[in-house]
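Make a model of the complete structure from these sequences and hints.
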Amino acid sequence: MPLASGHYQAALRALQLGAADPLQHVRWATRFVPAQVLRASVLIYSRDLREYREGRAPLARLEALALDDNPRRHLAALRHGMEGDFRAARAAYDAILSSEPGDFVALWCSQIIDYYLGEPQALRERTARVLQALAPSTPGYHAVLAMHAFGLEECGEYEAAEATARRALELEPGDQRALHALVHVFEMQGRPKAGLRAIAAHARRATLSNHLWWHAALFHLQEGRPDAALRVYERCMRLGGLAELIDASSLLWRLQLAGVEVGDWFAGVADRWEPYAEDGFCSFNDLHAMMAFVAVRRWASAERLLAAMERRLTRTSGANYEMTRLVGLPASRALLAFGQGQFARAETLLRALPPVAHRLGGSHAQRDVLQLTRAAAAAGARRARFLLAA
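Going by the numbering used here, the first residue of the sequence shown is number -12, and it counts up by one from there.
If you are wondering where the hints come from, they were derived from the structure by calculation, not from laboratory data. As the structure is a computational prediction, the values presented were derived from the model and not from experiment. Treat the hints loosely; a few may be bogus.
[As the list claims (entries may be wrong)] Pair ranges (Cβ atoms, derived): (1) Ala362 / Gln11: 38 to 46 Å; (2) Gly305 / Gln119: 27 to 35 Å; (3) Thr125 / Ala362: 44 to 52 Å; (4) Pro262 / Asp55: 37 to 45 Å; (5) Arg338 / Thr301: 23 to 31 Å; (6) Pro126 / Gln11: 18 to 26 Å.
Just so it is clear, CB atoms sit at the ideal spot from N, CA and C, and this is done for glycine as well.
Given below as structure tokens:
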């Protein structure tokens, strides 16, 4: 199947570069096993409940085919992923990588799980093992370096992360995952000018992902230029799927905390979140939907979202159970309290989260919005006490 193989290679390259949707290349290759493994993997580990459900189709196709050892092991891992048992799935991928370290799809799935579980140490250690087993001439080596750079950054090893990301970009200048790791280093080190220079240089060569523009806006905020951050949102960021909605909510919420009037922008984002309000599928999504609902005072939508999260806690299995119980639900309640002027309650709820906030998933830069909101809630509570005492 030379044509199917060519489309699979295009999908794999898109996955390695982190710059495009790999699914566009493999939707039709229903009997080409590697393509179906890749498609099932991208769908089953999606944050979107609809894509997760769509993953059942390629999974069923794989189950109906006679499989060699490697795809059979992927199938076993995907079954765990479909059941929400991410730790079992990750163990299955680690077993694949122990014998086939060049299996990039297995590595990508493992990284996604690490990211959802908030365990960058696992990512750093796994990519270090894979790099030791691969020659630098291996196709896709740059992508493994980029993943390793992100793991190093999330573990606080900023100098090593920067060097590793730059090495990946030397091998493949179009690797947006490597650029992403690099700008995370600049974010954590408070180097906004370096971050903006890096993003601008790459934007001259290629279309950047929405998330990289989100980082550009954060750098403007670090420089005390919320007006420039809002211009990035207006000119460069799009509202597509869930990833774009998450970026939009996160940025607009930060701008609102900084005193920028963004209600009109937030209304459109809240409209796009409405169909997801009762998913109860991923607390990382729910938290960002709550930002939009609170910002435009859609209290009924906010309550629908909280009710869905509470229903999720009646089923004690699956990755999202702990995510919701430990962080998602209390953080969402805090945002609602904050929006309704209950600043002391919001601050109390958020104060308890730092030791477990990593269980929400995402990066340090993304979760920082909880600390920013806590600071704003504390300031609001102080103002309220002052007014009462006056």
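If you check each hint against the structure, which ones fail?
-> The structure conflicts with no hint, since it agrees with every one listed earlier.
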